[in-house]
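Novice: Spelled out from the first residue to the last, the chains are:
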Amino acid sequence: MTRALVYLDNGATTRVDRRVAEAAVQAMTEGFGNPSSAHRLGVEAARMLARAREQVARAVGGEPSEITFTSGGTEANTLGFYGAAKAARGRHVVTTAFEHPSVADAAKRLADEGFEVSLVAPGKDGVVLADDFAAQVRPDTAAVSILWVQNELGTVMPVAEIAERVKARAPRCHVHVDAVQAVGKLPVDVRAQPIDSLSLSAHKLHGPKGVGALWLKKGARVTPLQWGGGQERGLRPGTEGVPGIVALGLAIELAEAARPEAAPRMGRLRDQLWRAISDGLPEAKRHGDPARTAPHILSVGFPGVPAEPLLHALEGRGVCVSAGSACHAKDKKPSATLRAIGVPDDMGTLRFSFSRETTDEEIALAAQAVLEAVKELS
Amino acid sequence: LTSVLLTRYGEIFLKGQNRGFFERRLVENIKRSVAGIPGARVERTHGRVLVWPPADDASGSKTLRAVARVFGLTSVSPAAVVPRELAAISVAAVESARREVARRGGRPTFKVETRRSDKRFQPASPEVSKQVGAAIVEALDLPVDVHHPQLEVGVEIGFEHAFVYAETAPGPGGLPVGVTGKVELLLSGGIDSPVAGWLMLKRGCELGATYFHSFPYTGDHSKEKVSQLARALAAWQLADVRLNVVHFTDVQKALREASGDGRLAVVLYRRMMMRIAERLARSSGARALVTGEALAQVASQTLENLAVIGDSVRIPILRPCLAHDKQETIAIARRIGTYETSIQPYDDCCSLFVPEHPETRAKLDDVRACESRLDVEALADACARSVETITCRG
Chain A
14 MTRALVYLDN GATTRVDRRV AEAAVQAMTE GFGNPSSAHR LGVEAARMLA RAREQVARAV
74 GGEPSEITFT SGGTEANTLG FYGAAKAARG RHVVTTAFEH PSVADAAKRL ADEGFEVSLV
134 APGKDGVVLA DDFAAQVRPD TAAVSILWVQ NELGTVMPVA EIAERVKARA PRCHVHVDAV
194 QAVGKLPVDV RAQPIDSLSL SAHKLHGPKG VGALWLKKGA RVTPLQWGGG QERGLRPGTE
254 GVPGIVALGL AIELAEAARP EAAPRMGRLR DQLWRAISDG LPEAKRHGDP ARTAPHILSV
314 GFPGVPAEPL LHALEGRGVC VSAGSACHAK DKKPSATLRA IGVPDDMGTL RFSFSRETTD
374 EEIALAAQAV LEAVKELS
Chain B
185 LTSVLLTRYG EIFLKGQNRG FFERRLVENI KRSVAGIPGA RVERTHGRVL VWPPADDASG
245 SKTLRAVARV FGLTSVSPAA VVPRELAAIS VAAVESARRE VARRGGRPTF KVETRRSDKR
305 FQPASPEVSK QVGAAIVEAL DLPVDVHHPQ LEVGVEIGFE HAFVYAETAP GPGGLPVGVT
365 GKVELLLSGG IDSPVAGWLM LKRGCELGAT YFHSFPYTGD HSKEKVSQLA RALAAWQLAD
425 VRLNVVHFTD VQKALREASG DGRLAVVLYR RMMMRIAERL ARSSGARALV TGEALAQVAS
485 QTLENLAVIG DSVRIPILRP CLAHDKQETI AIARRIGTYE TSIQPYDDCC SLFVPEHPET
545 RAKLDDVRAC ESRLDVEALA DACARSVETI TCRG
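Residue numbers (our numbering), protein chains in the order written: chain A, 14 to 391; chain B, 185 to 578.
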């Protein structure tokens with residue numbers, strides 16, 4: 014394939030910003046010390062680490078001391094949800110029925126370990142109602158987890174309302190928020206609602222894979238998942254992955270700086286693509302309530318068209334998208350998320366996801382490719 | 185303690201006049217197997233091929249794992265290299281036996297087996313065995329059993345050194361790759377076809393491979409998966425495998441169309457695959473096609489359907505897994521390192537192309553009637569011409 018790729022799979026991962034890559038290279042080849050070393054190379058590495066912590070804290074409205082660096086979103090979710098449930102006294106947890114696997118599987122694991130697990134079903138519009146969520150919470154609920162932006166649909170959950178209702182019923186319950194798809198696209202302020210932890214990942218923000226962070230509110234308790242030399246206040250011991258962390262710090266700073274302009278533009282491109290698809294294919298269906306969808310995700314169902322061949326037919330035209338969500342696109346079963354909102358199994362669904370690099374021209378090319386590919390396979 | 189790998193080969197001895205050719209090929213293959221281990225050295229001596237591990241693999245375990253992939257070898261023993269003196273031989277034998285007993289546990293019965301390449305060496309073999317055996321009894325208090333020993337301690341007297349061993353690792357057997365000719369493997373992403381290819385390698389064949397790709401109905405992950413399987417086979421072939429990727433979508437669609445209700449579709453695809461593979465085989469010098477088909481495993485693999493599929497080409501179609509139970513094939517796949525790749529969930533054929541109720545007893549006349557709607561030979565020519573080639577290195 015010689016033509017330029019139209020990359021509309023930014024929900025799966027994003028291209029690393031060159032400035033971010035350069036910062037990581039600098040941290041690997043020049044500031045390569047171990048932050049725990051007593052000499053000046055160690056001091057320099059510790060300084061870079063502290064700066065990245067400030068950058069991440071500033072982006073989400075927390076304190077640097079509340080940031081724990083992890084290997085990515087999955088580990089941050091595991092620590093924030095599973096780790097909180099294990100540290101609490103209660104034996105009951107609540108989450109939604111269409112979480113990312115890092116939360117859904119943590120809930121299964123908690124069930125195996127004797128926890129009672131309540132799953133809250135979303136509506137057909139792809140949004141969980143605060144009433145429904147709060148109704149599952151009991152005074153002894155140890156922890157709840159809510160994904161802010163649904164990764165396959167792009168729908169935005171009423172996180173503030175849910176958090177307030179949960180705390181009203183169970184003030185000591187740990188409220189974890191999976192913000193992996195929200196940071197950089199929506200305004201995120203950890204102090205704007207009563208939550209205890211929030212996860213984020215660098216590679217959704219034009220940063221590298223293999224690094225993420227957990228914001229953990231001062232005083233909130235989680236059980237660490239590993240043991241070692243006491244780094245990250247003992248929550249995540251092991252020599253810090255300084256190059257990745259430095260990259261995350263810069264990536265999140267750049268994402269936040271770009272957001273006021275980039276987010277509305279992504280939303281406009283999303284709507285343009287949907288208009289072009291629905292004009293050409295009136296039978297296509299947009300999943301999720303358009304009024305409550307993050308700007309960077311468009312989920313479209315094509316009745317009677319199988320998703321995976323459609324994805325490859327688009328790929329053959331230079332357009333990269335996901336069928337469902339890339340993390341489990343290998344499973345041939347229709348995704349649990351799509352089933353949860355009542356999408357029939359024979360409706361192939363594609364996720365188009367945008368970034369601050371996406372252009373008008375790419376949207377036009379993608380729309381054209383979709384119309385052609387659906388015709389080819391119908 | 186210097187160590188060396190003593191290799192043994194079996195069936196080659198049976199091959200009469202070809203023996204020299206087979207042995208040269210075997211030595212060449214052993215050299216290739218250790219090409220990735222800098223400093224390893226292969227030496228051919230009296231009826232033995234010795235492999236000397238490099239200094240940084242003093243125990244020889246890394247070199248042994250490489251040599252264990254050479255078809256034609258029946259067994260390999262890591263041996264201690266000692267001066268040709270009974271005292272030194274006895275010390276090494278006690279030490280080798282001690283280590284092997286520790287590894288196995290228990291108190292095995294044993295015997296010492298001596299072989300002299302240099303017949304001038306004195307005392308004669310039985311006496312060497314007797315004296316070394318006595319040293320082992322004294323040091324380790326193991327019971328002797330000369331008829332059915334659980335542990336055999338070997339002593340070989342060469343012209344420069346003596347070799348002593350207590351451990352014998354099985355080789356893969358078969359014949360050296362390259363001595364029986366070339367075959368073309370129809371390689372899918374499944375469990376069976378890599379095993380079929382491996383079994384042909386074991387019988388001394390060289391492999392080329394052909395994969396049928398149906399983009400966009402199957403994605404490039406499937407192609408990558410098949411390349412990975414070809415690389416796994418290349419590691420056993422000890423040479424690159426050339427993978428032909430046939431772009432099959434348009435032909436497959438045409439066949440699906442021509443099949444009417446689809447019941448004969450799979451047989452039609454298989455016949456076309458054979459035709460294309462036959463052309464690729466002829467152009468690369470392969471003398472047979474190889475498939476992973478097992479009798480009655482799936483609908484296309486009934487005796488009736490295999491006959492109809494075989495009718496499409498003149499070249500022989502070899503099916504080394506034909507009589508395997510699935511579990512037998514899986515056991516080989518695990519052993520040769522293809523199973524984990526084969527079970528990755530990337531299909532080689534989209535379910536859209538496979539009818540729900542395929543014909544299990546296709547009739548040749550019906551199949552030919554479907555094909556008469558197309559110019560099958562021209563389609564096969566075109567597919568064979570537009571093939572994409574990937575060199576797969578083990």
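For the record, the hints were derived by calculation from the structure and aren't laboratory data.
Treat the hints loosely; a few may be bogus.
[Claimed, not checked] Incomplete in silico selection of chain B near chain A, CB under 8 Å:
hint, residue
1, G200
2, G204
3, F205
4, F399
[Claimed, not checked] Listing some non-contacts, in silico: residues in chain A with all C-beta distances to chain B over 12 Å:
hint, residue
5, Q39
6, A100
7, Q239
8, L327
9, R330
10, A349
Glycine included, C-beta positions come from ideal geometry on N, C-alpha and C.
Novice: Next step is simple, just say for each hint if it's right about the structure.
Specialist: Comparing the hints with the structure gives:
1. G200: Hint violated; G200/B Cβ to chain A Cβ min 53 Å, cut 8 Å.
2. G204: violated, 51 Å
3. F205: violated, 47 Å
4. F399: This interface hint holds because 6 Å falls under the 8 Å limit.
5. Q39: holds, 33 Å
6. A100: A100/A clear of chain B: closest Cβ-Cβ about 36 Å, beyond 12 Å.
7. Q239: holds, 27 Å
8. L327: Given a closest Cβ separation of 8 Å, the condition is violated.
9. R330: violated, 9 Å
10. A349: A349/A is indeed farther than 12 Å from all Cβ atoms of chain B, at 16 Å.
Comparing the model with each earlier hint shows violations of hints 1, 2, 3, 8, 9; every other hint is respected.
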